[in-house]
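J.: Residue strings, one per chain:
Protein chains: 2
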Amino acid sequence: MVHPVDAQPDPDQRRDGHDHEDSDIGSAPSSRKNGDDFAPVYRVGAPPRLKLINEFKIAIKETLFPDDPFRQFKDQPRPQKIRLGVEGMFPILEWGRTYTLSKFKGDLIAGLTIASLCIPQDIGYAKLANLDPQYGLYSSFLPPFVYAVMGSSRDIAIGPVAVVSILLGTLVRNEIDDIKSADYHRLIITSTFFAGVFQAVLGICRFGFLIDFLSHASIVGFMAGAAITIGLQQLKLLLGIQTFTKKTDIISVMKSVWGAVHHGWNWQTILIGVFFLIFLLTAKYIGKKNRRLFWVPAVAPLISVILATLIVYLSRSDKHGVQIVNHIKKGINPSSISQLAFSGTLLVKGVKIGFVAALIALTEGIAIGRTFAALKDYHLDGNKEMLAMGVMNVAGSLTSCYVTTGSFSRSAVNYNAGCRSAVSNVVMSIVVLLTLLVITPLFKYTPNAILASIIISAVINLIDIKAAHLIWKTDKLDFLACVGAFIGVVFKSVEYGLLIAVALSFGKILLQVTRPRTALLGRIPGTNIFRNIEQYPDASKIHGILVVRIDSAMYFSNANYIRERILRWVDDEGDKIQEKAQMKLQFLVVEMSPIIDIDTSGIHALEELHTVFQKRDLQLALANPGRAVIDKLFSSKFVDTIGQEWIFLTVGEAVQTCSRRLKFDV
Amino acid sequence: MVHPVDAQPDPDQRRDGHDHEDSDIGSAPSSRKNGDDFAPVYRVGAPPRLKLINEFKIAIKETLFPDDPFRQFKDQPRPQKIRLGVEGMFPILEWGRTYTLSKFKGDLIAGLTIASLCIPQDIGYAKLANLDPQYGLYSSFLPPFVYAVMGSSRDIAIGPVAVVSILLGTLVRNEIDDIKSADYHRLIITSTFFAGVFQAVLGICRFGFLIDFLSHASIVGFMAGAAITIGLQQLKLLLGIQTFTKKTDIISVMKSVWGAVHHGWNWQTILIGVFFLIFLLTAKYIGKKNRRLFWVPAVAPLISVILATLIVYLSRSDKHGVQIVNHIKKGINPSSISQLAFSGTLLVKGVKIGFVAALIALTEGIAIGRTFAALKDYHLDGNKEMLAMGVMNVAGSLTSCYVTTGSFSRSAVNYNAGCRSAVSNVVMSIVVLLTLLVITPLFKYTPNAILASIIISAVINLIDIKAAHLIWKTDKLDFLACVGAFIGVVFKSVEYGLLIAVALSFGKILLQVTRPRTALLGRIPGTNIFRNIEQYPDASKIHGILVVRIDSAMYFSNANYIRERILRWVDDEGDKIQEKAQMKLQFLVVEMSPIIDIDTSGIHALEELHTVFQKRDLQLALANPGRAVIDKLFSSKFVDTIGQEWIFLTVGEAVQTCSRRLKFDV
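First to last, the sequence lines map onto chains A and B. Residue 666, in full-length UniProt numbering, is where the first sequence stops; the numbers in between run on with no holes. Residue 666, in full-length UniProt numbering, is where the second sequence stops; the numbers in between run on with no holes.
Hints listed in this document are in silico derivations from the structure and should not be mistaken for laboratory results. Just so it is clear, the structure is predicted and the values come from calculations on it, not from any experiment. Among the hints, erroneous ones may be present.
Where chains are identical, the list cannot tell them apart; a pair therefore holds if satisfied intra-copy or between any two copies.
For lysine to aspartate or glutamate, the following DMTMM-like pairs were computed, each having C-alpha atoms within a straight-line distance of at most 25 Å [claimed, not checked]:
1) Lys-247 to Glu-175
2) Lys-466 to Glu-55
3) Lys-289 to Asp-464
4) Lys-541 to Glu-62
5) Lys-473 to Glu-62
6) Lys-663 to Asp-571
7) Lys-476 to Asp-464
8) Lys-74 to Asp-571
9) Lys-103 to Glu-87
10) Lys-580 to Glu-608
11) Lys-180 to Asp-572
12) Lys-663 to Glu-645
13) Lys-352 to Asp-132
14) Lys-255 to Glu-175
Next comes chain A alone, as it looks inside the complex (with noise of 0.2 Å):
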């Protein structure tokens, strides 16, 4: 707090001339204490104290509730909360009145337009989880309609992604190997279950920034990781190869790749494959040359599928080992709540699979929320975007559905045609329910080899070599947890891959909290602005006062750094000085801005530097001290210890007030 009296540039400022002009406000001389001239000009006291409750409330708010979601409910009248309330858990109810005719038309188009996508993914993805095709075409059925009614955002397409299937696919098979036994498929649908429920649970107990601990750079490598995992995936069908290794690693793919060169790759397949994955870079890159020609690459993948359908229909090549679809069970969703095992290892397994889904899941699909709602300016509750997913999930996991959330590929289409609402999901919905209840028998005759094509054609989006060149030129420790991450999915498997990202992204926090940055400051000339010498060359330093910031919170992680760290400062400026015979330094500044807060290792840490400084002669100073840490520093009594003269508003101030204290005779 300024205490008003003392809150006053002081006049004596103006003989240094490069002080804050001080001519609109009165010059009085600001009070005196004990007759000490050198009193500074503000004096920084303790900030108004807040009630411990007060102060709880105010903690778990900006932990739990940091987006304010009960904004709108202030100062309203009962029903009108109770109707905002119904609202916020359905947000159809708000925008579903304010909905037109021209709004329903974009979503239409965009609706057709990812319908015609997500068939032919869904079906390769349903692969990728080692499920049938129609679990593919399910999950694209009922999950959009929840979303729809409780999601809020706008441009999501919600089913299955890429990822997100290897992943279940994996962990679930290492569970049991089976893949056509009755435990497999009841273990795929209890960890759905219960990664909706950890979905739902997050978000209502509003842990949604759990997610936020996997790093952005490490999703970067998991992901393009996951994409080339996924992709050598697809050289099995892709080559027509009958028998493949079940390991994921690219050392093993490979050797299985190589070791069935001779006798069991298959011509015809691969000449279906490549030409249609050259079709289909060629319309991707098409798209992406001319926005206006976005429905090219979204439309090319039903097309290959038509075309290639026919071609075998046609050439009878299934006869010369060219696998194909076969049969997709036609109907819709049937139930699947007898599967779910809520008993035995079943359920413990599911538990664990479930949760690491859920996060997975979790990240992706948010991730994509909150880019497209920055493009259109709308506010996203993460939180609520969890309980829509979660539900949409339990939803899924009743009625036959894996895991879904919301696809990237699919997503930006969907943004692209055009959409406005979630109603595009519910027009997809209804587009995939037609397929379930009438053409799947026409899909017999689809080459797998083109729904290989279709996938590699799409995770390629994964690999974001923008994004992982921006990241090394940015930060090269972040780099390393990308790399590493894409080593781990890459050469090891999913799951170790994703172990490693989560480790990286929390070595580089403690890291980070462990080794904070300090500068030296410097005066940049003709001000009385001080700032890192290292970045502003020509800022001077100031013979006998040494200016240090600190650029962290001071706590028990750092604390002991920090004083060593001051310490070595101090020593080294010492050396320099005795090797120029310049003046002894006499006054350390610690510029406290950056120290936003300090606990009692931070504050014991303080304690010893000023012991250590009065057996030096070298006088303690602080300054700009925020709120927390000036509360923090008069309740634990170490203002008394140094003396509150020596609390200072800036650095400027601190080094006037040291300057006119210097003594020149030592």
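Use these hints to put chain B onto chain A, whose structure you have.
T.: Chain B only, in chain A's frame:
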């Protein structure tokens, strides 16, 4: 970097009347770009870039060598370097050369004092580890010798300590229930060996910062809990109970005590125990009140032992159920090399237990060393201390010692008794040797109850109510960690409490990185300085411009939070403005000083903010980005996105530029 041409205060600023005086420097107009009349005074450019290899070198140095251990080697000839290196390994070579008789006098007195304190404590502590009494004495003989040669603390007193003893006892007993078996003893020795190896390796690899991850608060709680647990264990000896629970939690122990009340308590034992406990506590009180009488509590334990032994010997009360020490094996430490287990389950268990014991022993020992080093202002290299303690424990494990470290109570006595160097440890260790060789038979009639009294009066020091109170006052979350660790130890077990302490310490770090503080800034009247309006209530906001400070680095773990929080500040302010029908917000200035670093997620959040604000006609301006931040903003092209003219050296300048561009008709 400040471009020299631009680094001039803008003469226009004078109109505002709160600017930096520029009377002593030229007032030539700064160079304008694109005819923009509002160019800021300083261009904050990209700082000089470091080469990757240099950046890497600096990172390694700050992470592993923050205290610059090779400082003294700089610019020295090679033989000198070797000499310094050897001296660094064995500090005795350095201080030994200047060792004088007067110093020895101090060390002799201190050594004799701590010896008289350590002998009864050692016998008692051995019991905490479920070992025969002589093992405590063994551990006070060899390790202090080794430490005297390699350690750099002058005040620490080495030997067995209560917390490590009970921790080791509990952990080993969890694995091998029969404390009299050979395997139990082998596991103790093996764990000691690996504890030493871990300590030495941590020291050599300079991973000493690992022990900083236990927060001060949770250590206070853990130590207090351990003291209570140890005290409770002493009830067995103090009350003369024969059958006692093996568990250490307070509920099991109290049940055991009450269960034995009718047939298990021995009144003679209680009489002796309680009488001497009162005697010891009185002695402690006297020593505390009068610093010069420090020797009273230091010699009280030995006097108690002598008196109590005499009483029992004369009254033969051991015939009436008073348990006595009975037998301490005479003679010097036997070799225990053959006991080391280098294979099988004992090896695995030994590694695990050794790791935990190593960290706790280091935490206690190094904290003590640092405390006294600060009092006498000498430098203590934590990593070198770890190496010394590691070697001393490895040596100990070969000679029948168990894990030793610096003892808090004995180090304090050592310091107060006027020790001058580690020679006091040598004196103590010689006295212990003489005890082992000559007088162990005299301990035959020492009642166990007196050992319990000595332990209780020693561990009482570990309950630091003042520290806990300070923690409560400074940080409620810290206090929670403190209480959590305490409850974990007292109500469950020592290792459980330790786990809670570690988990809460990490949890606190993570919470703090996820939910950084933010603040609205206002102008302090009569200056151009902007500060938190909650801390400085007379700071005032500026119409149309919102100034926000983010108190943390922007990383993946908090980038989303920061983005949402800034949007909330803007929304909140927008509401207030609407209420008061004031000018619409047109500028958002973000004070970047505390943002010490940024990663790709953080830059992404800024980009999203910029996108959103552009839609709302709100201009984003950044003030004082630090070296690392501006570097990354440049390399990620974010500077180009918002325009370099929107990056300012100070908030004051940002606000001036913005206020001149305010549109008053909106």
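J.: Tell me the hint numbers this structure goes against, listed in increasing order.
T.: 10 and 11
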